[in-house]
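Peer 1: Sequence:
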Amino acid sequence: MRTTPQAVIGFLLSSLFLNTFFALITQNLIAAVTDAPSAFEFQHLWLSNVAGLSLLTPLLFGLIWKLHFGLSRSDEPVIPALPLILMLCGLAFIVGRLPFEDYGFSAAFPIIMGMMLLLATLILPSMLAISLANIITSVTLLTGAALNSSQTYSEALVLVLLASNLITVAGIYKHQHSRDRLLRNEVLENSPAMLVTMDAQFRITTASERFCEYIGAPRAEIIGNTPSTAGFLRLPESTLQNMRQFICETPAVDFTLEIDIRLRDGTLGKALAAIHKSIAPSVPYHYLIQITDTTELNRNSRLYKLTLEEGPALLMVQDANRKTLDIAPALCNLLGYTRAELIGQDLAQLTSCRTRKFIDETRVLGDSVNPFPNKVLEFTTKSGKLRKMTAERQIIDPIAHGEQPKYITLFTDVTELEAQRSLTETLLNRNAAIVLSQDRNWRIQSASDAWSSHFGYSREETLGRDLLDFLPELDRAKSKSFRRHVLSHVKDKETISNTLTLLTKSGERRIVELRSVIEHTEEQWLNIIMVVDITEVSLARQKLEHLVAHDELTGLLSRRGFNTQHADGKRLRDYDLFLIDVDHFKSVNDAYGHEVGDELLRKISKVLKDMAKPLGSASRIGGEEFALLRPATRHEANQQFAEELIREIAATVLHTPSGPVSRTISVGLTRLNRTDRLETAVKWADWALRDAKENGRNTVVVADERFSEKLRRQGKLTSHQDIVQALEKNEIKKYVQPIFDAAQRRVVGFEALMRWEREDGQVVSPRQFLPQLQNVLLSADYADVPQQMRATLLSNLTACPGAFVSFNTRLEALAFPGAALKLLRSFGALNLHRHDIVIEICEDAITDRIDMDQAMMEIAILRGHGIRIALDDFGKEASNLNRLTNLPIDIVKIDKSLIDRIVTDRRSREALRSIIHLAEALEFEIIAEGVETPAQRDMLLSLGLTLHQGFLHARPMPVSEANRLYAQRISDVMLADT
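Residue numbers (our numbering): 928 to 1905.
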């Protein structure tokens, strides 16, 4: 019931009215039944008012009890109030009215009987019913007594007043006790908490339903037993006695114990027992115990301790005021503080000004806002360094735990990641690199600033589109094929390159190289593309490759073009190879001048080109040397063709003011099958051409079996046995040829060259024995010969200390694991030699048959030990500009075939100039080989090429002669020559 001011005022007015009402009734009764003099009227009036107020007291108690305590019903059987009240009123009137004295009873008998009737009101079910019954019974009793005599009334009045109030107090006590019993039953047995009560002997007096469910036992089974007897608290007897002694003797009224409870299924649970010792004698228990299951809490506590105090996680726990309650050692170590220094502190104090401002702004917004969405926070460590971290915060529910909120924050150190991101951003947007990234669907996700500035497309025009949208139609199919190739190398994380054409916004075509690598995880897939605009380089390369692949004078293929177009593995059919030399051509230049000579060469070239059609080709491979290839025919047919060629050339006449000019030709003919080595076929054709020239010129010689037998008889073919005997006699040795800096007039190095000097003094040309020598050195008996020769040369060569010595090495000898270490061991201790070491690899040895990846790894090992790498014979045969950028080389040696033409051939000079510029950009050194005339030397110097090697300066010589001539690095020979 709600107590309001109106209810209180109504209650007071009702009380005054009832008091007046009962006082008047009492006064009238007294006046009616007494004949006392008027002197006693005042006393009667006072008694009437006191009686009225006193009789009103039980009613007031009842009403107050109902207003403030709700008049709880007892758990006893409900007795009907109205019949009992009427019965008590009737009995009370009879007891008060009958003259018991006339029947021999004492005068106190009716009063005693009245008191018993008043006591009977206590059996009524509510305090209000007891109060009403008490009033009515008291009035009826007093009325009956007053009808007898005033004396009886006066005696009964005091007793009734006293009994009425005592009965009211007894009724209050009765109902309070009943109410307390109901509350105890509700709290103890039906409470959602796990409660147990025990007496002084630790016997269980009651237990809540929740606790019985927890231990898996019915309440009747545990009531009257001790916890150990009931089976859920299993401890050794000594431990149990110690616990009981502690509970009995501890002065604390409330305390907590941590106990293990054995559940019905046999599992052991952890629990906290909050024990209250009751000292009230009226309470039907001695110990009130609340059980809290902490099994999961203990498990989580161990996990919390492991995670927070022993794990690598950067965790922090704060209270509602953002004061640190606990912090992980890993976070302390990162910030450079001890836990003691950080506990109780707000970590926001350690942040930078920008971060602190951000934190203050988010705290103002409250807990409903995620404070750190992908935000990088800056913390200052104790040493003053800046650490960058991200944070994720969780709030411990304050309502569920009945306390203020707590915050658990997990930090992630992203200092290095942010540094890398900043560097990546710098690389992406603040340099000239063009970088794109694509998702799984090949949609562009990001583009550097250079993309927009170079191709004219804004980011809005680029992002979300496929790169195919920026390609010409013809390149799109090529790009799709390239994508399949990229996907096949995802696991290798290998960079894949492709050359395509991109269209600028203005429609201009740009040749680009795409270097693509895919970075992927389970959640992310990213194709990172570097776009390199190679338009100018590509056009310059195409121009340069055309220059070096074609002869400027005649328009025919050059030696390089000839070797490239007809290289091994590229030929799809068998050919007849004709090597052609113009007889006595030097006399044309001497007699008529170079212009006439050039014109005659152009006429001869036209004849060769026309006769090679439709399926053949003609090439100028030397000054007056040509090569012609045509599909293979029968032996007689190809010889007839050669003879017809001789007649056509002889009939080619150049008319000049000085008269007609013509020349004959000599021809060497051999078969070049599809699977043959081009080099071998050219060698046989060359021997046949020499034989034709030795036999009077203007003829053709076929390199067939009869011809090879002839060479064998003449000793021009070297056998395996010849090489073995030469090695046994020490006839094959290492010579050296000096390499000069023509500008500074000093020796900068030597090239070690293999020479065969017979006992009779005859020197065998290297090209006649080197191929056979390489085969012999493959034998285990002679595998150490190259190592011994290198060691002997390095030991004996004393000329020009500090210069380098270069050794030719077959590339295939470096294309297997461990090759570099094997070669290094052959040189011994590098720091003990007087000269630096250079390894020369021949460019024409770079073919698809060689594992170039392995070879480059081995070359990198050699360079790591201080050995430099030179690319030999560049500009000859299958030279490729890509090799200058792809191979890890330090020196490029220009082949003699290109140097021969630089004085008279402008295109050769331009080609050499381009190579020099490219080498300067790539920081290569360039050495010109085959420098044989002062004109070549001067032309090379004018082009800026100062390192020379050739007969003009020095021929290959024994080591002893080099030691004598070049004791110092400045060459006397060279000084004399200049």
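Any given hint might turn out to be false.
[Said to hold, decoys possible] Pairs of lysine to aspartate or glutamate, EDC-like flavour, derived with a Cα cap of 20 Å:
no. : residue 1 : residue 2
1   : Lys1250   : Glu1319
2   : Lys1660   : Asp1618
3   : Lys1497   : Glu1479
4   : Lys1312   : Glu1288
5   : Lys1470   : Glu1446
6   : Lys1749   : Glu1739
7   : Lys1405   : Asp1340
8   : Lys1513   : Glu1571
9   : Lys1533   : Asp1501
10  : Lys1660   : Glu1767
11  : Lys1749   : Glu1684
12  : Lys1620   : Asp1631
13  : Lys1620   : Glu1655
14  : Lys1204   : Glu1319
15  : Lys1432   : Glu1479
16  : Lys1333   : Asp1287
17  : Lys1530   : Asp1501
18  : Lys1530   : Asp1460
19  : Lys1620   : Glu1570
20  : Lys1405   : Glu1388
21  : Lys1312   : Glu1268
22  : Lys1302   : Glu1268
23  : Lys1620   : Asp1668
24  : Lys1637   : Asp1618
25  : Lys1470   : Asp1711
26  : Lys1530   : Glu1472
27  : Lys1533   : Asp1618
28  : Lys1536   : Asp1460
29  : Lys1530   : Glu1837
30  : Lys1284   : Glu1268
31  : Lys1536   : Asp1517
32  : Lys1533   : Glu1570
33  : Lys1610   : Glu1632
34  : Lys1309   : Glu1268
No lab work stands behind these hints, which were simulated from the structure alone.
Peer 1: If a hint holds in the structure, say so; if it does not, say that too.
Peer 2: Each hint, compared with the structure:
no. : hint              : in the structure
1   : Lys1250 / Glu1319 : holds (17 Å)
2   : Lys1660 / Asp1618 : violated (29 Å)
3   : Lys1497 / Glu1479 : violated (25 Å)
4   : Lys1312 / Glu1288 : violated (25 Å)
5   : Lys1470 / Glu1446 : violated (37 Å)
6   : Lys1749 / Glu1739 : holds (14 Å)
7   : Lys1405 / Asp1340 : violated (44 Å)
8   : Lys1513 / Glu1571 : violated (24 Å)
9   : Lys1533 / Asp1501 : violated (24 Å)
10  : Lys1660 / Glu1767 : holds (18 Å)
11  : Lys1749 / Glu1684 : violated (29 Å)
12  : Lys1620 / Asp1631 : holds (17 Å)
13  : Lys1620 / Glu1655 : violated (36 Å)
14  : Lys1204 / Glu1319 : violated (46 Å)
15  : Lys1432 / Glu1479 : violated (38 Å)
16  : Lys1333 / Asp1287 : holds (18 Å)
17  : Lys1530 / Asp1501 : violated (28 Å)
18  : Lys1530 / Asp1460 : violated (42 Å)
19  : Lys1620 / Glu1570 : holds (15 Å)
20  : Lys1405 / Glu1388 : violated (23 Å)
21  : Lys1312 / Glu1268 : holds (18 Å)
22  : Lys1302 / Glu1268 : violated (26 Å)
23  : Lys1620 / Asp1668 : violated (38 Å)
24  : Lys1637 / Asp1618 : holds (10 Å)
25  : Lys1470 / Asp1711 : violated (46 Å)
26  : Lys1530 / Glu1472 : violated (25 Å)
27  : Lys1533 / Asp1618 : violated (26 Å)
28  : Lys1536 / Asp1460 : violated (38 Å)
29  : Lys1530 / Glu1837 : violated (25 Å)
30  : Lys1284 / Glu1268 : violated (23 Å)
31  : Lys1536 / Asp1517 : violated (26 Å)
32  : Lys1533 / Glu1570 : holds (17 Å)
33  : Lys1610 / Glu1632 : holds (15 Å)
34  : Lys1309 / Glu1268 : holds (11 Å)
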